[in-house]
Amino acid sequence: MSVRVFRWRAIGPLLLFAALGVGLWVLFADRLARYSAEKVGTAIVGAKVEIQRLHIDLSAGDVTVRGLTVASPHEPFENLLQADELVADLDVLPLLEKKVVIDRLAAHGLRFGTPRTSDGRTVGQSDGLAARVMSEAHGWAQQFQVPALQLATGRIDVGTLDPRNLSAIPAAGALAARTDSSRRAWQAGLDSLRLGPTLDSARATLQRLRGARAADLAVLNDARRTIDQLKRAQGRVTALERGVTGGLAALRAGVAGIDSAKRRDYAAARGLLKLPSLAAPEIGAALFAPTAVARFERALYWAQLARAYMPPGLLPRAQEGPARARRAGATVRFPRERALPAFLLRSAELSFTLDAAASQPKRYSGRLTGLTSDPALYGRPTLFAASAPAIAAGAMIDHVRATPRDTAGAVVQGVRLPALQLPSLPVRIEPREGTVELAFALRGDTIQARWGVRSSRVRWARDSGVAGSAAGDLVWRAVSGISDLEVAAGMTGTLARPRLAVRSNLDEAIAARLRAVVGEEVAAAERKLRAEVDRQVEGKAAPVRAQVATLQREMAARVAEPRARLDQARKDLEGRLRELTRIRVP
Amino acid sequence: MLTLVKLLQSLVQALHSEGTPGQVAAGIALGSILGLTPLVSVHNAVVFGLIVLLNVSFPAAMLGWALFVPAGFLLDPLFDAIGRKLLLDTPALVPLWTTLYNTPVVPLTNFNNTVVLGSLVFAVLVFVPLYLTARWAVARYRATIGKRVRQSKWYRAVTASKLYNVYRLFRPEP
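Protein sequence lines, in the order shown, are assigned to chains A and B. Each residue of the first sequence is one higher than the one before, counting from 1 in the working numbering. Each residue of the second sequence is one higher than the one before, counting from 1 in the working numbering.
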């Protein structure tokens, strides 16, 4: 029996099914595209992308987006931008290659930094590319050890003085041991002199000499021998005395060494003081470096994100696949020379508003060209430029060659600047209208960035909810009368080893006030530390000093006494001998 | 529970349909492609069209789909590895992928996704062995216990449901 291959009667239901599919597409294409755009946008930016309405008109090649809101990936309740309407002139044919080519985009009513009611950040909820870039940028920012304004704690901490860290205490212990051993050695030396028999012999000879005559040669010779013995004994005493003198000098040097070690201990203990910085540059860093680093971190995040989504070269590129119930896998793009990029926005005209909250918001326009996922295919860098009397902004993303170059810069004048909170202090600067400047260049791994704020109408505000602190009072007294603000932060070096410098016109004012007020507190803390060092060291050092002094007196007496007796005996003998012989003894 | 009943119906309808063991096996093999690869793909529309247009057992295709969906989930790591090997780790194939990627319509198949490509390659490779195995198994079933099952009460209950009427529309033709 032959079996037919085709089931012809199923063609009808199949066509019906296909028609149903087309009908569903017509009905739901806009919703599906909106959902996809929100999903892709959210994944790229790392924050929620919301679209009120999206309409695709494939016959005319138009896509219209209304009510676009892109949340900030850095601030929880702030939007990166909002747009009233985006109209894109789309190339339809590249869609068959799954490529999106927009010839022209007109964006109207762009607003930046507007508030939002819910946290729009998503980088903490996923492990996608944006989350990884955010994590890397955050890790990069963490390497800056910005010194906190120590006075912010309101007191100077003496810390804990560990006796094991004091060098004078072991020095005193060593000197005590040396004193004891010296005493024992010198006592042994005194005992080994054995002067008693010599002095007894001298006394006996002197007695005999007193009753002798000049011709009594035996007695005279005995007297001369005794004098020689006395001389030798004197020599031994002299040698011992010399040794004792040298030893005592060494012990006195040891006592001086304890004092020297104690001075070192004072210096080391001073290091335990958590002293506030009194140097103006460090104060500038403490006040403004966190804000500057945060600005640079954001710029680096966008630059690295651009590098991730717009890599140079034409090698196959793997990206995380679409989220679905099944494993996402990796989706690999295979760019080819002279082919279209996966995404290309040839030209965009942007109309935006700055300082939207002002009574008369200012409207500006900008132009963006060559935004593409494959810069090597497009062959030209992405450029952005916006200029107006009070604003100049520009950016270039050049990933055409192997070493990417990303530069961006903006100077905005006469707009309301956001308030700056001084770190750890209940003091806030409200620059009001002023000039803000940001320049950022990343060439390969070499970074060069600058951020500055200038305002001549600064207002200072204290946080009412924070209890007054000594530091807050101090800084408030130092700066509250200053109406000008000029902050400049610069960064150079490589991403791995960046160097940050921050200065402001407030640095010297605060430093001078700190020096005046904190000086007394520092002196008191130092006195307290010295007393603590003295207490711990003197408990060991004072007995040693006394021991050395006692030994010095004792040895002086004990060496002098036999020397005197020897001298007297020799003098007596020589005197009597001289009387008998009238001859001067050599 | 409803899914289980439907699966049972598909099983019964496939095994006892008027189709030959070859038609049932072809249905199961085509259905396995739907189950093994991510469903929302252009190639699955083609496979579905083939299931409908070709004179294969539709219930068997649904059975194959239902049976191989869990297998697809379980084997996703393997599919991902196969896809990575083919797309990223085989330089000789890069010109082919580059050509396909830049050819209209082809990128819409998501062939450049590691899981899609890996699972499709796997499904194509097991298609013939699966077809042969299924054809042998159906023939053996019908020759052994098929008749007794056909006469049982629960078989009649299953075939009496409304779904059976839908099935009749797509049952294989002689």
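Everything labelled a hint here was simulated from the structure, so no lab data went into it. One or more hints might be untrue.
[What the hints assert, rightly or not] Partial list, computed: chain A residues near chain B (C-beta under 10 Å):
(1) Pro94
(2) Lys98
(3) Ala328
(4) Ala339
Note that CB positions come from ideal geometry on N, CA and C, so glycine has one too.
Cross-check of the supplied hints:
1. Checking A:Pro94 against chain B: minimum C-beta separation of about 9 Å stays under 10 Å; hint holds.
2. Interface restraint check for A:Lys98: the shortest CB-CB distance to chain B comes to about 4 Å, inside 10 Å, so the restraint holds.
3. Checking A:Ala328 against chain B: minimum C-beta separation of about 7 Å stays under 10 Å; hint holds.
4. Because the beta carbon of A:Ala339 sits about 5 Å from the nearest beta carbon in chain B, less than 10 Å, this interface hint is met.
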